[in-house]
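**Student:** These protein sequence lines map, in sequence, to chains A and B. Mapping to our numbering: the first sequence position 4 is 4, numbers consecutive. Mapping to our numbering: the second sequence position 27 is 27, numbers consecutive.
No lab work stands behind these hints: they were computed from the structure. Cβ atoms here follow ideal geometry from the backbone N, Cα and C, with glycine treated the same way. Treat each hint with caution, since some may be false.
For lysine-lysine, the following DSBU-like pairs were computed, each having C-alpha atoms within a straight-line distance of at most 30 Å [to be verified]:
hint, chain 1, residue 1, chain 2, residue 2
1, A, K70, B, K36
2, B, K41, B, K18
3, A, K70, B, K40
4, B, K36, B, K19
5, B, K36, B, K18
6, B, K41, A, K51
7, A, K110, B, K18
8, B, K22, B, K41
9, A, K51, A, K70
10, B, K19, B, K40
11, A, K110, B, K41
12, B, K40, B, K22
13, B, K19, B, K41
14, B, K22, B, K36
15, B, K41, A, K70
16, B, K18, B, K40
Computed footprint of chain B on chain A, listed as stretches where at least three residues anywhere in the stretch have a Cβ under 8 Å from a Cβ of chain B [what the hints assert, rightly or not]:
hint, segment
17, 36-42
18, 100-110
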Amino acid sequence: GQQLNQSPQSMFIQEGEDVSMNCTSSSIFNTWLWYKQDPGEGPVLLIALYKAGELTSNGRLTAQFGITRKDSFLNISASIPSDVGIYFCAGRGNAGNMLTFGGGTRLMVKP
Amino acid sequence: ETGVTQTPRHLVMGMTNKKSLKCEQHLGHNAMYWYKQSAKKPLELMFVYSLEERVENNSVPSRFSPECPNSSHLFLHLHTLQPEDSALYLCASRQGYTDTQYFGPGTRLTVL
């Protein structure tokens, strides 16, 4: 089956720093989604990407759909303490409507 | 109430108990999902109900039994669970023509 490799697994950064994380796949994806999960809650959608090369922003967050359609990146600028959480990528390939999820990136922000 | 809701939020049960998890979506979506989230593992898809068709992950044990009486409600019936079934169980819904899934807050299940 399809697999997504998400990196890094965890990050511990200083408040105000920029953050970058990515997901890669061995197969082509048609849709990329980025979610954030706070402790004890379900994942919340941050950004959805539907076209290769697409660059989309949501406030301080920017995500890109890689031109090879096998990767995606999420950047967070000027991090703040409330950015703490686990960030998940998810993608849909050519086989049906199921999403494949990455393993998550745990972000910790030091005030 | 809006979005996707799940009840209960927390559940502790013994291995011989029978319980059910409930999910309700208020988004007018026509597909619903059950996922299992264990520590340090990717989300595992358990069941999908799409346009009243059930699709399941064949690796899910029979002690988990889904029920979808209509497009807004989804249940997960639990019986004779094992301690390794302890996890966060997430429900999600989707509108048929999109890929985006919207998640509920989850039920934290502990099996003693």
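**Student:** Next step is simple, just say for each hint if it's right about the structure.
**Tutor:** Going down the list of hints, with the structure as the test:
For the given pair, A/K70 sits about 25 Å from B/K36 by alpha-carbon distance, which is consistent with the 30 Å threshold. For the proposed pair B/K41 and B/K18, the alpha carbon gap of about 26 Å is at most 30 Å, so the pair holds. Distance hint between A/K70 and B/K40 is fulfilled; the C-alpha atoms sit about 23 Å from each other, no more than 30 Å. The hinted pair formed by B/K36 and B/K19 meets the criterion: a straight-line CA distance of about 16 Å does not exceed 30 Å.
Distance check on the hinted pair: B/K36 and B/K18 sit about 18 Å apart at the alpha-carbon level, within 30 Å; holds. Proximity of B/K41 to A/K51 is assessed by CA-CA distance (about 28 Å); at most 30 Å being required, the pair is judged to hold. For a cut-off of 30 Å, the pair hint linking A/K110 to B/K18 is broken: about 43 Å separates their Cα positions. This hinted pair checks out: B/K22 and B/K41 have alpha carbons roughly 23 Å apart, not beyond 30 Å.
With a CA separation close to 12 Å, the supplied pair A/K51 and A/K70 stays within the 30 Å bound. Taking the CA atoms of B/K19 and B/K40, the gap is about 26 Å. The hint holds against a cut of 30 Å. Taken as a hint, the A/K110 and B/K41 pair is honoured in the structure, with Cα atoms around 25 Å apart against an allowance of 30 Å. Between B/K40 and B/K22 the alpha-carbon distance is near 25 Å, which keeps this suggested pair within the 30 Å criterion.
Pair hint B/K19 plus B/K41 holds up; C-alpha atoms about 24 Å apart against a cutoff of 30 Å. A distance of roughly 14 Å separates the Cα atoms of B/K22 and B/K36; the hinted pair therefore holds under the 30 Å criterion. In summary, the hint linking B/K41 to A/K70 is supported, as the alpha carbons are separated by about 21 Å, within the 30 Å threshold. With a C-alpha separation of about 27 Å, the suggested pair B/K18 and B/K40 falls inside the 30 Å cut-off, and the hint holds.
Closer than 8 Å: that is the beta-carbon criterion, and the segment 36-42 of chain A has 3 residues meeting it against chain B, so the requirement of 3 holds. Check result for the segment 100-110 of chain A against chain B: holds, 4 residues qualifying (beta carbon to beta carbon below 8 Å, three or more required).
Violated hint for the displayed structure: number 7, the only one.
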